[in-house]
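Enquirer: Take a look at the letters that make up each chain.
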Amino acid sequence: MSGESFEQVAMPYFERLYNFACWLTHDREEAEDLVQETYFKALKGFSSFQPGTNFRAWIFRILRNAFLTSRTGLKATATVQLDLEGEDESLFAVKETPESMMLQRLDGDLVQRALQELPVAYREVLLLCEVEEMSYQEISTTLGIPMGTVMSRLSRARRALRAGVQTLQLQKPQEAGARG
Amino acid sequence: MSGENIDRENIDRENKGCEMWMEKLDSYVDGELPAADERGLVEHLESCSACAAESLKKVQLKRAVHAAGMRFVPDSAFRARVQAKIAARQPFRWNRLWLPMLATAMVLVIAGAVSLNLSRNRRGEERLVSELADLHVATLASVNPVDVVSTDRHTVKPWFAGKIPFTFNLPELQDTPFVLVGGKVSYLNQSPGAELIFRVRQHQISAFIFQERAVSSGRTGDVQNELSFNVRSWSQNGLRYFVIGDASGQDLDKLRDLLKGVG
Chain A
1 MSGESFEQVA MPYFERLYNF ACWLTHDREE AEDLVQETYF KALKGFSSFQ PGTNFRAWIF
61 RILRNAFLTS RTGLKATATV QLDLEGEDES LFAVKETPES MMLQRLDGDL VQRALQELPV
121 AYREVLLLCE VEEMSYQEIS TTLGIPMGTV MSRLSRARRA LRAGVQTLQL QKPQEAGARG
Chain B
1001 MSGENIDREN IDRENKGCEM WMEKLDSYVD GELPAADERG LVEHLESCSA CAAESLKKVQ
1061 LKRAVHAAGM RFVPDSAFRA RVQAKIAARQ PFRWNRLWLP MLATAMVLVI AGAVSLNLSR
1121 NRRGEERLVS ELADLHVATL ASVNPVDVVS TDRHTVKPWF AGKIPFTFNL PELQDTPFVL
1181 VGGKVSYLNQ SPGAELIFRV RQHQISAFIF QERAVSSGRT GDVQNELSFN VRSWSQNGLR
1241 YFVIGDASGQ DLDKLRDLLK GVG
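Listed in order, the protein sequences are those of chains A and B.
Position 10 (the first sequence) corresponds to 10 in the working numbering; numbering is contiguous.
Position 116 (the second sequence) corresponds to 1116 in the working numbering; numbering is contiguous.
Source of the hints: derived by calculation from the structure; they are not laboratory data.
Predicted model, so just to flag it, every value in this text is computed and none were measured.
Idealized CB from N, CA, C, for every residue including glycine.
Be aware that one or more of the hints could be misleading.
[To be verified] Examples of chain B residues toward chain A, derived with CB under 7 Å:
| # | residue |
| --- | --- |
| 1 | 1062 |
| 2 | 1064 |
| 3 | 1067 |
| 4 | 1068 |
| 5 | 1070 |
| 6 | 1074 |
| 7 | 1078 |
| 8 | 1079 |
| 9 | 1086 |
| 10 | 1089 |
[Unchecked claim] Only pairs whose alpha carbons sit at most 27 Å apart, straight line, appear in this in silico DSSO-like list of lysine-lysine:
| # | chain 1 | residue 1 | chain 2 | residue 2 |
| --- | --- | --- | --- | --- |
| 11 | B | 1157 | B | 1254 |
| 12 | B | 1024 | B | 1062 |
| 13 | A | 41 | B | 1085 |
| 14 | B | 1058 | A | 172 |
| 15 | B | 1085 | A | 44 |
| 16 | A | 172 | B | 1062 |
| 17 | B | 1057 | A | 172 |
Construct the complete structure from the given sequences, taking the supplied hints into account.
Expert: Structure, rendered in structure tokens:
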């Protein structure tokens, strides 16, 4: 990496960072500001970046920290407890019914909506794991939390997402009925 | 102990076993389970339909999130904007890149200045080539050789919009030995034009593009000047192109053909 310029190293992550920023902010303009800020901060700190360490985790961490200190980020973390490790699990209990035990094809739109409604701490850990396909170690570096916390947060995030999808699945026939 | 009690104990034992494996399912579907645990879990999944179904659900959800999560795509104008800004803001590394060239270039500048004195009485086309050689050498000697630093033609070309009174096309350089380094506005006979810097192996080549009327004198064709720079020039669509550098004549011919192809 030592011979490569910042542009060569950082630009391949542009689309990924933008997608992540949109999921965090729920606003394209804010996401653009966030990505731009991330690139400027990363460029400024690039001379101190240790070659051989994980650039992807480093630049995602910059973006995530910039988000947390942004107005939207502060609002998101002020209204929702960031550290959800002590969360009451019953909040996201998946109530299995004979129907839900059947493996259903998951509607992409429902998954997107459920993901969007998750608390930011769950949303980000899921995106890093499932979309970015980061290892637990990389997620730990990106979010600045221990590996054990990554695992427990992921598990809770998945439960919460399933519960969210189920709720939306139940609402869907009613919505369709109301439209009809 | 009644038969009923024995059955209940077996069920409890099985449930406890499932509980233990269920906790490991997330790590399993994420490919993060240690090999020893994985073997045990796979064996358990073969005999436990509840855990197997749960595992399948987790995989299904994982795939669904993967597909649903890659949702937002930035527009190319935004990408180009950020890329241009970061290119303009990275002078530190850029300087380091050009430092080794600086000493050589300084020698060439001095040689260029001497050559300028000697060439006072040259004919028009020779003066033109000499002037372009000086511009090329001055670029090599500059601490900031280009104003837009990018290997991306889609960044370099739009950067000139509004800065020069014409537009031009840049060729795709993939699968060629040339690398676009960047560009800047240059002046010839008080007229603005584009100077594009290309690299081919260790050589730098400047490609100048001016409006035809800015270059009233000078013939097109192949020239070699006193500084041993090779020059290729041609006219196309009201524009005058020059490529100049210490690269071989063949390299200059190739670059000329690439530029001509899109001009």
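Enquirer: Could you tell me which of the hints above the structure violates, numbers in ascending order?
Expert: none
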